[in-house]
Structure formats: structure tokens, C-alpha cells
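Q: Chain by chain, the residues run as shown.
There are 2 protein chains.
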Amino acid sequence: MFSSPAPPTGLLEKLFQYIDLHQDEFVQTLKEWVAVESDSVQPVAHLRQEIFRMMDMAADKLQRLGASVDSVDMGSQQLPDGQTLPVPPIILAELGNDPKKPTICFYGHLDVQPAHKEDGWLWDPYTLTEVDGKLYGRGATDNKGPVLAWINAVSTFRALEQDLPVNVKFVIEGTEEAGSVGLEDVVRREKDRFFSSVDHIVISDNLWISRQKPALTYGTRGNSYFTVEVKGRDQDFHSGTFGGILHEPMADLVALLGSLVNSSGHILVPGIYDSVAPLTEEERKLYETIDLDLREYQNSTQVEKFLFDTKEEVLMHLWRYPSLSIHGIEGAFDGPGTKTVIPGRVTGKFSIRLVPHMNLSVVEKQVTQHLEDVFSKRNSPNQMAVSMVLGMRPWIANINDTQYMAARRAVKTVFGTEPDMIRDGSTIPVARIFQDVIQKSVMMLPLGAVDDGEHSQNEKINRWNYIEGSKLFAAFFLEMAKMHS
Amino acid sequence: MFSSPAPPTGLLEKLFQYIDLHQDEFVQTLKEWVAVESDSVQPVAHLRQEIFRMMDMAADKLQRLGASVDSVDMGSQQLPDGQTLPVPPIILAELGNDPKKPTICFYGHLDVQPAHKEDGWLWDPYTLTEVDGKLYGRGATDNKGPVLAWINAVSTFRALEQDLPVNVKFVIEGTEEAGSVGLEDVVRREKDRFFSSVDHIVISDNLWISRQKPALTYGTRGNSYFTVEVKGRDQDFHSGTFGGILHEPMADLVALLGSLVNSSGHILVPGIYDSVAPLTEEERKLYETIDLDLREYQNSTQVEKFLFDTKEEVLMHLWRYPSLSIHGIEGAFDGPGTKTVIPGRVTGKFSIRLVPHMNLSVVEKQVTQHLEDVFSKRNSPNQMAVSMVLGMRPWIANINDTQYMAARRAVKTVFGTEPDMIRDGSTIPVARIFQDVIQKSVMMLPLGAVDDGEHSQNEKINRWNYIEGSKLFAAFFLEMAKMHS
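Sequences listed follow chains A and B, in order.
Using my numbering, read the first sequence as starting at 1 and increasing by one per residue.
Using my numbering, read the second sequence as starting at 1 and increasing by one per residue.
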């Protein structure tokens, strides 16, 4: 699909050769790591022990690379059901502290989503199984493969007895799939110690938008999650004995929810688009070259028809424009069957995905004001309460920052193509945590292909992505050093 | 509150005196019946056995009155969970078959709703407890008290060695609270045998609309229950990765549900009011004398404000005009918390309470057409499916029928007032079953006061209602005989 990359020369050639020659060893290590059922989602003591074992294996691996490793004790957590579970340590490791070199901090996680053969896996999810160049296994792409690719890159320099061109730090956690327990605290606490020398942060925990073409991710949307409660009384009513004489809370709520977004997906809250960053010509051009076949995307997601007809519009509405989704209603009749209830108190839930430069508290005011206006026109005696229960700001990086330039060059070197410059429509909290606390450039540098199926049955990483990804990181180190000098 | 009734004379006087003198015995029998935990709602074998015991006690009681009793074996039922439970017998009993007398069939049930002391009962729900003239206990008013009041009336004639002025039949079941398992089949099967001689059917399984003033019920609303499904795909979407580019099924559904009824409770489905029976002057007058303090009603039901300001409007909108209630949504996010899901397939549920002379299949067409019109304007690629999953016709009786006239006179004799002529906004399936199958006049003649709390904690029947109700039935027999001759 792409022009072949120019053959690497000198050190790069040696590094790539080494990685190619030792790829089976790299796959073997991934197999050993995938074999650990480090599931952080199911709150079960023996699974937590598996995460501890996984973290020990990683700490040991990093120590053998020569890194100094600090496994930060995270104590225990109490779950909503009262159960107490131990929290696996967060690994803070560092390799090199040459003040003349840039310091890159790599973030990854080694816990995984639950997986059981009976869920529809073709093979045991904890036995890495290679078929047609695909390495199937839970955690293969999310996130054990990318963590190992970074380690492979470092170890290749070591094996070839080459000076590592950058200082490397690692932050590796074991509860990302369960909400990154304690991570933000650790980052804040270590801000002026472990993180003081960090120049750049690299996260490799998302996917390309294509099966073949690499990508760099430079932004994520934020999210503001709203509840709107309409209350008549605490108890429900029977629709036979009250239907016809009540201002029914559900009628109010349905009208409120129906006032939020039109059938074209346009948000109807006045002023909500006011501070959305205008589209620059530079940004517009980024969308043109992105590898996305809209028809194939529609088919693969089983969507009859998107709201927009062009690749550019679809991507912009996923990444750089806000969206509003209605998630559901709490307190109404939600089961199967035919209950004739008039719910007494119902709570609608919706959220707005935020983009630069929307402001959380402005959005909160706009939404609240809008709902109050709609509600007051109904002359309903019910009580309405709007609440923004969750607010996460969007994240956007400067794609002209050093590490983005270095990564683009490294991609060009390894894959022979410019990367897709992409964003993510979801919120990825770690990106924001690092951005907000460390206040250094954050880059997301994914290795996996769009069809890797993270969180799904038959999760996989392609051998090609894993091995070329290891080369990519090695090339990235060299580019960073070049740009730094 | 009412003028004292004229003192009864002759036979009536003797009957009333007997009932007054033996009232403690009547209460004692009610106590014995309430002591049986004949809960048909909880699908538990030992509770089913209690219903069987209850039905045996009733059959025995009727036999000792001289009735011929047929306990119809109902076999067993399979529950949705696969469990099989025995179904208690339906009692068909008859006393007298004098062709010169009218034959009145009384329907009642002896099963009850679940009740546990810990639910908030002040006393053990299965120990009838008298406080300030109130007899508290599960089933006291629904429906053991009224069944016994009818039996008390019959047994008083027997005790005084008086000829029973009417032929009496009984239909007593044990699964009314669980959907009257098999009742309709039995009624159909016995249409030309047991029911062939029946002239009138009396049901005493509802309540007055007042604490003090008796009532006759001459109509119930029907119900048409709709589901409207909107499907994008079977799986849900993540609002981060799809929010902004989808025709979201929830947005479609909320718009559909929002098109059904306005903030004044007016149904917006075109044509829906076309066949509602016009209000006659005679009917309008019935509403004026009804004992209902709107403010007190609002307070007691914890409703801030009804849609209407007068007693007449409120009652008409509960009884003689249709209403539309939105019950909820299946398939959307309905739990606590903040799930950022775009539901892939959602089903809205609503129902329209039907009144004379609305037609089920016309309503089905009107609703379907309306929703299709609204949906087509949205240009959504989602699939919409409307279904009327349940249809029950309204029931209305001719209040100038013999038994209504007789009951009004009996009420006047016992209570010194004309009864409130009321309807019920809910559907009471047994009324319709008898009306449809037997095709004889059905009357609902309630004994309990509005505050009896059927189905609630601390259900009760007032001693006064129970004892005067027994007199009412005795007086009703005499009036029926008078009008028949």
C-alpha cells in the first residue's frame, strides 16, 4: 500500500536487523505476559494476585535492563459493596539520567479486561495463539504488546551495547481497566521528584484508525455528564387510577430530553457551539489524507448510515465538534413486560463530548439554563433538578511539538508513510492527568491496528505491528536525540 | 354526615338486628380467614398450599350454609422460570334454584397480596387487629371481608329461617392477585351450565371513592399497551467513539415519545378523541354529587397539583376520557451511575386508557400511523417497530338496569344516602370477562372505604363497613326480589 521505506543505514539498520532476528523471542515474552490473567475488572482476590505477579514480572524485566525500579505500594481499596481488595503497585522506573539527553516518560498498563473462552473466543484468551500473523490473546494489544514493544526497543540498544540516545522513564500501572486507582495521586506526589526531569510523555494505549496505516493521536474529547431529575413524588403511581390528571414526570422528562439535540445531531442548547475552536486550513488538511473507507467503516460497525457522507465530516464530528448522547432514564419502567406504572421520579442521563475550547462551567450553565427554560414553558408542578455529575476537559496537543515531529519522522522511516494525524472522540483520562499535572507535552503513539478488538473477544495484535512497533520506538529514540542536539 | 336512614321495618329490621347482635361472630370468622396467608403473588409452594386451605375453608363454610359446592380442579401452572405450581380450585357454588326468583352471581377472591410485618405493618398482617373500629389485616378489605359480608347476609336469612329471596351463585377464586389463572376458561366452559341461569353478576372487589359515602361502580377504562422499538443495531455503541455521527436510537425514541401527549395531558395522536362518548346531561349530573374533596385528595396522594381544578374535571379525566402514560424505556441505561453508552436498540413503552366507545383496532391504527408520520420526518436510517402488545376494552354498565336500581335503594335503606355513582380508571379484567362471556349485567358494589389501603401496608376494613356491608347485601337481596316480582 505504501512506498517501501528507504533502507535504514548505520545504527538504525543494526537495530532493525536485531529486532527482526529476535522477533520470536519478543513474541515469546508477550506470550508469557499474556498468560497472566491480570484482570482488574472482576473484583476477585485471586485475580488481584495475578496482577501483582504481572507487575513483579515487569519490574524484574526492567531491572534486568538496568533500570532502577520503584514499585510504589498502593495499599488497598474498598469497593462499593464493602469488599476490600489490594491495589497492585505502580511501577516508576528510570533508565539513564544524562542531562544532555531528552527524558521521555512512557506510560502503559498491564492489567486487562475480563476474558473467558465461553465468551466467544476461538482460543484460550490467556494462551497467545498465532494465526496468519495475528497474535490472539487478552491484553495482546491492550496494553501488554505496546509496553513490551517499548521495552524491546530499549533492550535492543542494550543488546547491541549501544548508548541509549534518550533517558527513559516508565510509569506502569495495574488498574487502568478499573479506573487507574491511585494513579493521579502518585503522579501529583511525584511531580517534583520522579517527573521533574521528564520532557515528554508517550502513551501507547490506543489504536490506529486503519488496518495498515500508522497514526499519531494529538487530542481527545472531554465529557460533561448530566442528570436531569423530574420528581412528582417519591412513589410511583398506577396509570389506571392516576392517568389523565397528573403532570406526569415522564412526559416532562421526555420533553426535556427531546429538546437537546435534533435529528441531524445538532445540539440545540443555545450558545453551546460558541467557543468551539474554528477549523483552520492546516487542520482541515490533516483530515484529507487519513486512511478511512467510510463505507467499510459503516459496514464493519453495522451502521446503516452515518449522519454525514464524507470521511472528513464524519471524523470532524467525532473529534473536533461536540456531540450529545442520551444514555437512558433511571427510575422509569425498564424491564421486559407491560407494567402500567406512572413513574413518580425519573432521572434522564445524557452527556456532551467536549472539544477545544469549550469550558466545563460554561457548558454546565448553558445546559442548565436551557433545561430550565424548556421546563418553565411546561407549567409543570413537578420539581426539576439538573446536575453536571462528571466533567472532563478535552485534551489537545501541539502537533508541531518536538516529539510529534520526531514520531512522524520515525513512522516515515519504519513504515514509509506519513502517519494519520488523528484524535480520539473519547476521553482518555491518563492523557489529561499527565498534561494537567506534569504540564509537559503528551503524545499518544499507538501501535495496534483498528481491528485489534481491544476489550472484545479475540483481541489480537498483528506480529507485524508488534515488531515494526518495536522498531518504531527505537527509531523514535534516535529522532528525539537528533532533534534535541 | 347523612340523614339517618328510616328505621327498617319487618323482616329487614330482624335481619339488621341479627347482624348487629352477631357482629363479633362475623368479625371472628374474618379473623380466621385473614389468619391464612393465602398469598398468590409469591410463587412459593407452601403459600400455594395455604390458598388451597383457604379455598377448603370457604367451600366448607358454603356447604354448611346449604350450598352445593363444586371445587373445580385447576391443575398446575408453569411459571416463566420453569417452576410448576399447583393452581387452587375455583369454587362454583349455588344456593337455591327457584325459577321465580332472580339469580345473582357473586364473584370474589380469597388470595391476597404479599405482606410482611417488616414492610411497615404496625401489627402482624395475618392477625386481624382491631383499633378504633378499624380491622387491620392482609385481605381484610381485598377481598376476604366483602366475600364474608355476602356470606353473612345469606347466613342471616338462614339463621332467621327466612326464605332467601334470590337464588345465589358464587364464583370464588384463589389467584386474582396473580392474574386469575384459568378463570376465563372456567367461565367460558360453564357458560351454558353453571352460568346459564345467572341474571346478574355482582363484584365487590373495589373501594368507595370516599371514607364515608357508599358507591356503585358502573364502568372501568380499558387499556391499550404499546411498545415502540427503535433499532440501530443490536449492540450498544460507545458515546466517545460514535457520538456525533449516528442517528442515535434514543434521540429518535425520545422524539417519538415526546410526540404523544402535551403538557396539558392532551393526547396528540390525530383522531384519538373522535369516538369518545359525548357527555350527556344525565352523566354530567352524576359527577356533581360525588363525595370528593379535591384538596384533600391532592394532599393524601402527595400530588402538588392536578391537571384540572375541579372535582368534576378530575373525575371525568380519570373515568370517561382517555389518558396516555409513558411508562419507560427498555434497553437504555437505567442503572445508577454514569455509563456513557449510546444504546443500540431501545423500546419505549406507553399505554392509552380507553373509554367508551373507543375501538381497540382503530386506536392501534391511529397510534401506529402517528408514530410512523413522526418517525418519517426524522429521516432516520434506524428501524422503527410499533406494536400494541395488550388490548383491553373499557367496560360500562347501564345504571338504569334492575340491579343498579335495587342496589341504590339498598344503599339508601342502610346508609340513608344515595351512593356515589362512580367508575374506575383502571381495567378490572373480571368485569369484562363476565360481561363478554355471560353477557349479563355486571355491577361492582364495593364495601370498603377509600382509605382501606388494599395492596398496601396496614390494609384494613372498618368494622362499620364490614357489618353495614353485610346488611347492604341482605337489603339488596330483598330489593332484587321486589323488583323481580
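Hint data in this document are derived by calculation from the structure and do not stem from the laboratory.
Incorrect hints may have been included.
Which copy is meant is left open, so a pair is good if it fits within one copy or across any two.
[Unchecked claim] Here are the simulated DSS-like cross-link-like pairs (lysine-lysine), alpha carbons at most 25 angstroms apart as the crow flies:
(1) Lys339 <-> Lys365
(2) Lys231 <-> Lys191
(3) Lys339 <-> Lys231
(4) Lys377 <-> Lys305
(5) Lys31 <-> Lys339
(6) Lys134 <-> Lys100
(7) Lys101 <-> Lys31
(8) Lys311 <-> Lys191
(9) Lys231 <-> Lys377
(10) Lys311 <-> Lys440
(11) Lys31 <-> Lys305
(12) Lys231 <-> Lys311
(13) Lys134 <-> Lys231
(14) Lys339 <-> Lys412
(15) Lys100 <-> Lys285
(16) Lys305 <-> Lys14
(17) Lys191 <-> Lys365
(18) Lys31 <-> Lys440
(19) Lys101 <-> Lys14
(20) Lys311 <-> Lys285
(21) Lys14 <-> Lys285
(22) Lys305 <-> Lys231
(23) Lys440 <-> Lys191
Q: The structure should be examined with respect to each hint, and the outcome stated for every one.
A: Hints versus structure:
no.: 1; hint: Lys339 <-> Lys365; result: between (37 angstroms within a copy, 22 angstroms between copies)
no.: 2; hint: Lys231 <-> Lys191; result: neither (45 angstroms within a copy, 48 angstroms between copies)
no.: 3; hint: Lys339 <-> Lys231; result: both (19 angstroms within a copy, 22 angstroms between copies)
no.: 4; hint: Lys377 <-> Lys305; result: between (35 angstroms within a copy, 16 angstroms between copies)
no.: 5; hint: Lys31 <-> Lys339; result: neither (51 angstroms within a copy, 33 angstroms between copies)
no.: 6; hint: Lys134 <-> Lys100; result: neither (40 angstroms within a copy, 91 angstroms between copies)
no.: 7; hint: Lys101 <-> Lys31; result: neither (33 angstroms within a copy, 91 angstroms between copies)
no.: 8; hint: Lys311 <-> Lys191; result: neither (40 angstroms within a copy, 69 angstroms between copies)
no.: 9; hint: Lys231 <-> Lys377; result: within (17 angstroms within a copy, 31 angstroms between copies)
no.: 10; hint: Lys311 <-> Lys440; result: neither (32 angstroms within a copy, 69 angstroms between copies)
no.: 11; hint: Lys31 <-> Lys305; result: neither (40 angstroms within a copy, 67 angstroms between copies)
no.: 12; hint: Lys231 <-> Lys311; result: between (43 angstroms within a copy, 24 angstroms between copies)
no.: 13; hint: Lys134 <-> Lys231; result: neither (53 angstroms within a copy, 33 angstroms between copies)
no.: 14; hint: Lys339 <-> Lys412; result: neither (61 angstroms within a copy, 39 angstroms between copies)
no.: 15; hint: Lys100 <-> Lys285; result: neither (36 angstroms within a copy, 98 angstroms between copies)
no.: 16; hint: Lys305 <-> Lys14; result: neither (49 angstroms within a copy, 82 angstroms between copies)
no.: 17; hint: Lys191 <-> Lys365; result: neither (33 angstroms within a copy, 67 angstroms between copies)
no.: 18; hint: Lys31 <-> Lys440; result: neither (34 angstroms within a copy, 79 angstroms between copies)
no.: 19; hint: Lys101 <-> Lys14; result: within (22 angstroms within a copy, 113 angstroms between copies)
no.: 20; hint: Lys311 <-> Lys285; result: within (12 angstroms within a copy, 68 angstroms between copies)
no.: 21; hint: Lys14 <-> Lys285; result: neither (36 angstroms within a copy, 101 angstroms between copies)
no.: 22; hint: Lys305 <-> Lys231; result: between (37 angstroms within a copy, 13 angstroms between copies)
no.: 23; hint: Lys440 <-> Lys191; result: within (11 angstroms within a copy, 85 angstroms between copies)
When the structure is compared with the earlier hints, violations turn up for hints 2, 5, 6, 7, 8, 10, 11, 13, 14, 15, 16, 17, 18 and 21 and for no others.
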